[in-house]
Amino acid sequence: MSGILNSSIGRKFAMALSALFLMIFILQHFVINMLSVLSPDTFNEVSHFMGTFWVIQYLMQPVLIFGVIFHFVMGFVLEIKNKKANGVKYVKNNGAANSTWMSRNMIWSGGFILVFLVIHFIDFWIPEINTKYIVGDMSGMHDGEFRYFHELQEKFVPIWRVALYCVGFVFLALHLLHGFGSAFQSTGVNNKYTKGLQGFGKAYAILIPLGFIFIALFHHFTH
Amino acid sequence: MNLTLKIWRQKDSQAKGQMVDYKVTEISEHMSFLEMMDVLNEQLVNSGEEPVAFDHDCREGICGMCSMYINGEAHGPDRGITTCQLHMRMFNDGDTITIEPFRAAAFPVIKDLVVDRMSFERIQQAGGYISVNTSGNTQDANSIPISKHAADEAMDAATCIGCGACVASCKNSSAMLFVGAKVSQYALLPQGQVEAADRVKNMVAQMDLEGFGNCTNTGACEVECPKGISLENIARMNREYLSTTLKG
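Going down the list, the protein sequences come from chains E and Z. Note that my numbering gives residue 599 to position 107 of the first sequence, counting from 1, and the numbers run on in steps of one. Note that my numbering gives residue 165 to position 39 of the second sequence, counting from 1, and the numbers run on in steps of one.
For reference, chain Z alone in the conformation it holds in the complex (with noise of 0.2 Å):
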């Protein structure tokens, strides 16, 4: 398929970006998105030109890495998925594509469509994770009773990849999405009950600190997770942060 590109060009960070056109050719629709995306690079690079900068890692919707704003929707039209996994069979031949970097002043662009998202690991630092013994003599995971049920929720919160779709989608830039995952993995497992109020207060304290947006409960978020994250993270970070809070 032939397809019109309109993709943000920014050179750095300091730099005024803008929407420059390209055209791609002979395009598979058995290619992934960034497959097609290294083809217009291929193309750029042998013109002479400048390649359009892109974040990817794995391209096994695993790392969280590929980001891109795609025809109006943070990892393009389709559901469930990261940038590496969209195929371009969502696309018709003489489609134009409009591709943008995540946008949040939490986001700060790096390069083209390379966002810094350093702000999610500020976060993680701030509270995500548990203080365990490493000693040599640390007590066997599996000797701790954990209900089907609150493993399994644990386990659909710990799934979160930080890719910042969530971010992107919110029309409020809120990390609540993020933070409420994070927030949760822990929460629902004993491991996590020592350093749970300390949690939740310092994760959304760096989340305000940072920049992010009020929630306000839209459920973008929730649609544009590639990962399923559920909204019931947040509420169960609102009752977290609430409990901890008002108790002082």
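The shape of chain E in the complex, shown without the other chains (with noise of 0.2 Å):
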């Protein structure tokens, strides 16, 4: 096992590992956002549980900002030593006719979604923590009520940012839609399940991010 992140198999089983654990918990914020429109009342209890449950907070929050910090460095390593084992350049290479566009630039759709994170951070993350650890307000309320649900919506009038959420949610799909296969490949998966596997997976490359920007759009305009 020791050494395991020098190979390339090895680097390329993490990246996986990572990217299905994001998959994972960005089905689970997906989940939860959904209740923001179907429900604000189970919405703002369903975040103030997550925001305030200490296995949550002090547990699996920071499983979940090595997992997201491990992706990109990783997807930045990949990415240099790949360069490296290039040598010259072709003059002439035609990318588009064995691949696809997704395939051949992670690390732009991968870039894109990281700058859209460090705004989404600022967003919300930065002042939730505020809030909760550094004033230490972990009530949850505002004005004798919750506050989740009327931060959201706040959130999303100004058009540019609903504008700037659905273009971070476009190369979220483009990343998903190669990278969901990729990632079981990677892991060795490639079996009499793959074919269902790969629809499965442009099915969530596809709905989700939809759905992330119907999420946006529907506050923008019922707020």
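Hints were generated in silico from the structure; no laboratory data involved. This one's a predicted model, so the numbers in the text were calculated from it and none came from an experiment. Quick reminder that beta carbons are idealized off the backbone N, C-alpha and C, glycines included. One or more of the hints may lead you astray.
What the hints assert, rightly or not - Heads up, simulated DSS-like pairs for lysine-lysine below, C-alpha to C-alpha not over 25 Å straight-line:
hint, chain 1, residue 1, chain 2, residue 2
1, E, 684, Z, 142
2, E, 581, Z, 132
3, E, 687, Z, 327
4, Z, 297, E, 694
5, Z, 132, E, 584
6, E, 573, Z, 149
7, Z, 137, E, 584
8, E, 573, Z, 274
9, E, 584, Z, 142
10, Z, 132, Z, 142
11, Z, 237, Z, 142
12, Z, 353, Z, 297
13, Z, 149, Z, 137
14, Z, 237, Z, 149
15, E, 684, Z, 274
16, Z, 137, E, 581
17, Z, 142, E, 576
18, Z, 149, E, 584
19, E, 576, Z, 137
20, Z, 327, E, 584
21, Z, 142, E, 575
22, Z, 237, E, 575
23, E, 573, Z, 132
24, E, 584, E, 573
25, E, 581, Z, 327
26, E, 624, E, 647
27, Z, 142, E, 581
28, Z, 297, E, 581
29, Z, 237, E, 576
30, E, 576, Z, 274
31, Z, 149, E, 576
32, E, 687, Z, 274
33, E, 584, Z, 353
34, Z, 274, Z, 353
35, E, 575, Z, 297
36, E, 584, Z, 297
Stated by the list, open to error - Examples of chain E residues lying across from chain Z (beta carbon under 8 Å, computed):
hint, residue
37, 579
38, 591
39, 595
40, 682
Given two chains presented individually in distinct reference frames, assemble the corresponding complex, making use of the accompanying hints.
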């Protein structure tokens, strides 16, 4: 087991595991966000639970942050190593003849997602950490009622932010369109279920980001 | 047909290469690409110029020697073929064809379109074999039961001719399709089981040592492979490697 990250297959495997973990997180995030459309009260309660339950806050949140950082750092490390392996560039290279745009540009879609994530953290995560752990207000209340749904709606009032989020989700979809299937291939999963899994992956890659876009637009137009 | 060729010329491994334009005329559409290169070289020799160096041997799509990156694709714009099997009917009169050597840090250019693919040989030497007693009492291979499915898959993997098109097509210059095929052809058969753990570990270690890149599953290698080696072989190698390494 020692030094598995020193091998190309080990690095692929680690990258794939962090990707699978993040895809499960995104699904969970999506389900909770959808509650804001379906039932604001339930959304408030679940948000309060997620924001205050110690297992999530002190155990799962650090694992998630590690997973995000690991995925990005490893992505850049692999890109640098691969560029080094290339040698002299081709004068003419017809990449579109044998591979998808998504598969060839994971570093770019991932880079844009990173930028989006920084904005997303500034918008939601940092104010949340500030309220709970710096100001010390763990009540989740504002003016006698839960603040989560109200804060969410407020964030999606400016159209520029809605547009920015929509672009971010498009890049997420592009990243997932290759990333989902690629993660399974890297872990060695390629069998009779692969075709079905690839189909499921395509549906996941399109429907989840589309759902996030819907949520952002919904709050912008219904506020 | 009359063609303009843009060809990478490089005097030796140390020289700085460049693209040079040539014209060839009256090329028959029935010619193979290598025959068209022969016409060009004859033309160059007759005019006292240095002919273009390129790899070739069997000219039957079996040896894996002919390389060339033609119009942005390994072995040119056709599927399931090597360069010697590429015919000039794939091109049109008046076309400009760009011809470059396979590019990868692990495939250094020796001269013009000839690259050093000995890194593949060293990977093979690291574990791409089985140890068989050949002292006169070798067991008849037919006496070992092997399922038809496993035999077929092993044979498919064994058709890899080690041409390097997978590396040349990969945006990461990864050799995983080649190594995956070589690992698979033994991993699928009982004869390969004895050295299976050492084989995959040593071949992957040598692959990394040679400076090949990390696979990101673009699938370009599978599309450009003249022998149709499947990505399943990479997944199988990943499984073999991970189970061996994680067991310790």
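Does the structure break any of the earlier hints, and which numbers would those be? Numbers 1, 3, 6, 8, 20, 23, 25, 30, 31, in rising order.
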